[in-house]
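*Asks:* Listed below are the residues making up each chain.
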Amino acid sequence: MTRRSEPDIPCHFGPHGGLFGLYHPGALGAKTAVLLCPPLGQDLIRCHRLYRQLAHALAGQGTAALRFDYYGTGDSAGGSEEVEWLRCLEDVATAAEQLRLRSGCERIVGFGARLGGSLALAAVDSARLDELILWDPVLDGAAHVAALDALQAALRFDTDRFVAPRPATALADQWQGFAVGICLRQQLAELCLDPPHRRTLLLQSVAAAADRHRFAAAGAEVATLSQPTPWNDLARLETAIQSHELIEAVSRRVQEALHA
Amino acid sequence: MHEQATRFGRANHLTGITGLPTEDARSTGVIILNAGLVHRVGPFRLHVEMARQLNARGFPTLRFDLSTLGDSSASGESSSREQQVRSDVADAMALLRKQAGCSRFVLIGLCSGAQNAHLVAHSSEAVAGAVFLDGYAYRSTGFKLRHYLPRLLNPARVVRHLARRLRTAPAAAGSGFQVEFPPQARVRDELAVMLDRGLKLYFIYSGGSSWYFNHRRQFGECYGRALATHPGVTVSFNKEVDHTYILVGDRRRLLDNIESWLCTHFPQPAPARDTRQAAATT
Chain A
1 MTRRSEPDIP CHFGPHGGLF GLYHPGALGA KTAVLLCPPL GQDLIRCHRL
51 YRQLAHALAG QGTAALRFDY YGTGDSAGGS EEVEWLRCLE DVATAAEQLR
101 LRSGCERIVG FGARLGGSLA LAAVDSARLD ELILWDPVLD GAAHVAALDA
151 LQAALRFDTD RFVAPRPATA LADQWQGFAV GICLRQQLAE LCLDPPHRRT
201 LLLQSVAAAA DRHRFAAAGA EVATLSQPTP WNDLARLETA IQSHELIEAV
251 SRRVQEALHA
Chain B
261 MHEQATRFGR ANHLTGITGL PTEDARSTGV IILNAGLVHR VGPFRLHVEM
311 ARQLNARGFP TLRFDLSTLG DSSASGESSS REQQVRSDVA DAMALLRKQA
361 GCSRFVLIGL CSGAQNAHLV AHSSEAVAGA VFLDGYAYRS TGFKLRHYLP
411 RLLNPARVVR HLARRLRTAP AAAGSGFQVE FPPQARVRDE LAVMLDRGLK
461 LYFIYSGGSS WYFNHRRQFG ECYGRALATH PGVTVSFNKE VDHTYILVGD
511 RRRLLDNIES WLCTHFPQPA PARDTRQAAA TT
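The listed protein sequences derive, respectively, from chains A and B.
For the first sequence, our numbering gives the first residue as 1, with consecutive numbering after it.
For the second sequence, our numbering gives the first residue as 261, with consecutive numbering after it.
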């Protein structure tokens with residue numbers, strides 16, 4: 001059943017109020033809330049609308065949700081070059097506490113797309129997440145770094161974007177529009193994540209059979225979305241990611257969690 | 261610099277972030293409008309970087325989402341999109357007037373943001389300036405000569421072009437952001453009205469607009485010499501950069517240019533009482 005949700009509340013929280021978030025209130029007395037962990041880089045901007053729609057859908061069914069930006073991303077404090085993996089993990093934990101505080105819920109479901117899923121997975125203990133819903137999470141950091149580097153190299157010669165190829169130096173130390181620090185690059189290159197020991201739903205919209213088997217073997221539920229998501233597609237770099245199927249799948253899973 | 265996330269507007273439906281300088285705030289507030297459908301952070305976080313750089317130079321800023329974009333909802337009014345934009349920006353100006361004591365405003369917009377900036381700058385007396393990133397311009401004879409002549413003089417390019425035309429269906433000119441422009445004469449007249457009111461206007465064209473703008477001189481070809489040489493008008497064209505400033509260095513140069521233009525044309529700080537007293541009394 002869908003209820004008329006209250007308007008979302010923009011807020012600052014965390015150390016020095018440096019994190020920006022939007023809190024979507026749920027129903028009074030609810031026990032479970034959802035923390036929406038955004039991806040990083042351009043994926044964050046591409047997923048913004050979908051995260052908002054998902055938060056509205058959850059709030060509409062009575063589940064509070066918190067969207068937020070990590071330090072150095074979105075509307076949070078800090079520059080893009082300051083984004084750093086360990087700080088992002090701290091931010092997930094800080095945001096989870098903020099959600100507990102605002103919603104009064106002790107039970108938190110963590111959702112994340114791409115690196116947002118990776119961060120929810122990596123922070124599952126420190127943020128005390130009770131359950132995870134992961135959409136195409138990045139589990140092999142080295143492969144992800146290689147893919148972003150390849151996209152950046154191709155960007156230089158993208159004639160749909162530039163009148164003439166740009167010098168390599170103009171594109172150095174960046175991934176698709178964002179400055180990247182040495183620290184984050186190194187941290188991502190070393191990233192290797194295993195399935196968690198928590199109730200988990202893995203949603204896949206890109207082919208990754210090995211991940212599917214690993215998660216299934218660890219007891220996670222795995223589902224495949226009918227449409228592939230164009231994550232690493234230079235031609236659609238500034239096109240919003242949309243998936244009603246994803247919103248429905250996550251909403252359904254959260255409803256199940258309420259009754260689990 | 262201090263940022264504050266806010267819900268505001270006549271239906272409390274708009275979401276934005278005000279950025280207030282810690283000291284020596286200027287009386288001119290800067291309002292940054294959505295670029296296309298991208299939420300208020302802007303393409304590749306351009307608007308966040310812009311707001312913070314201008315805050316550091318004393319300009320109060322507001323980056324916000326227009327009705328139904330980003331995190332803003334619909335106002336519930338049954339009015340035209342143009343009227344909604346005017347009302348949303350009026351709400352934004354009221355907020356910045358209340359929070360920072362601003363008495364006049366500069367609007368900054370990219371692509372559709374430039375069109376919305378034009379719309380409001382033409383009709384609102386509170387607007388003192390505007391920065392149009394890949395805003396209106398029209399293909400002139402000079403544009404066509406610069407565009408087609410090099411191609412016609414190169415037989416290999418002519419052959420490639422014809423082969424491409426035969427292979428593919430005709431595509432829309434330019435990359436994916438083509439929008440419909442109002443009649444050229446109307447835009448020229450509206451710009452003249454703005455300049456007569458004393459507005460300062462900064463037109464910045466990128467290589468991403470090269471399907472309709474390919475030389476700084478084209479501004480005069482479109483709008484006439486009187487407008488092009490008017491002291492209130494500044495025009496720049498940077499052919500090598502893309503429409504949304506994907507490269508960090510390009511963004512940095514763009515922001516430095518905007519900051520420099522603002523400091524030149526809107527130099528004065530706010531009177532000491534304005535900021536604090538206005539905030540205290542509201």
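Treat the hints as calculated values from the structure; they're not laboratory data.
Please note that a few of the clues may not be correct.
Unchecked claim - Computed footprint of chain B on chain A; a stretch qualifies when at least three of its residues, placed anywhere within it, have a C-beta under 8 Å from a C-beta of chain B: (1) 7-18; (2) 162-172.
Unchecked claim - To spell it out: a stretch of chain A is covered by chain B in this simulated footprint if at least three of its residues, at any positions, have a beta carbon under 8 Å from a beta carbon of chain B; those stretches are: (3) 75-83; (4) 175-189.
Every value quoted in this text rests on a predicted model; they were computed, and no experiment measured them.
Ideal placement from N, C-alpha and C gives every residue a C-beta, glycine not left out.
*Asks:* If a hint holds in the structure, say so; if it does not, say that too.
*Replies:* Hint by hint, here is what the structure shows:
no.: 1; hint: 7-18; in the structure: holds (count 6)
no.: 2; hint: 162-172; in the structure: holds (count 6)
no.: 3; hint: 75-83; in the structure: holds (count 4)
no.: 4; hint: 175-189; in the structure: holds (count 4)
In summary, this structure violates none of the numbered hints.
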